[in-house]
Every structure is written in C-alpha cells, then in structure tokens.
Amino acid sequence: MSNRKLISYVTGFVSSVGLTLVAYYVVVDRAFGVGALTYTVAGLAVLQLIVQLIFFLHIGQEKGTHWKLVTFIFAVLVILIVVVGSLWIMHNLDYNMMNMSPDQQKIYMHNNEGI
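First residue of the sequence shown? That's 1 in the numbering used here, and the numbers climb one at a time after it.
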C-alpha cells in the first residue's frame, strides 16, 4: 500500500470517528431543540456519508473509470424511489383512514377488502 493511500485511509477514519463523536455529544448534551437536533444529526450523517464515499470508496478520485459513480447514483436513485414510494403509499393510507376509529377500520377492511 502506498503512503498516499494510507494517509487517505487514516484521514477518512479520523474524520468518520470525529463526526460520530460530534453527533454523539450533540445528542447527549442536548445542545439544540428537538427540531434543530434532528437536522444537525442528519447533516452530520450526510457529511459522514460523503467522507466515506471519498476516502474509502474513492468515488470521483479515479481517472477514466466513472462506473463506480454511475453505479452509486443508480443505487441512490433506486433507494429514493423505494423510500419516496413507501412514504407516499403510507400517507395515502393514513389520509384515507384518518376519520375512522380502529373498529371502523376493521369493519371497512372486512367489508371492502375481504380481510
């Protein structure tokens, strides 16, 4: 392993551990309110994702081989479609059932869906 790669791995590792510790201490110390805390931890998670993509997966560092990046973008697109589709379906189910009590929902499901 070359000295340059070793420095890259050590930098990535130290950065990942540092971001993890920052997220941990922000949550434990309750440095922000609930809303700001959620966005802060999510932002730190995205930063850690970027660090790991650059330093460990070497996305964007190799010349002439863009297939890693294309494959990664495709995987992210598929994951987004699954997550957004699931949230959309759950929202529509909640909207369509929101004015019913649990007993009314059971009766509705039994009468209309055969469940």
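Since the hints were derived computationally from the structure, they do not count as laboratory data. All values derive from a computational prediction rather than experimental measurement. Treat each hint with caution, since some may be false.
Each pair of labels, with its calculated beta carbon distance range [said to hold, decoys possible]:
| # | residue 1 | residue 2 | range |
| --- | --- | --- | --- |
| 1 | N3 | T40 | 33 to 43 Å |
| 2 | H110 | A75 | 17 to 27 Å |
| 3 | N92 | F56 | 36 to 46 Å |
By construction, the Cβ of each residue, glycine as well, lies at the ideal position given by its N, Cα and C atoms.
Provide an ascending list of the numbers of those earlier hints which the structure does not satisfy. 2
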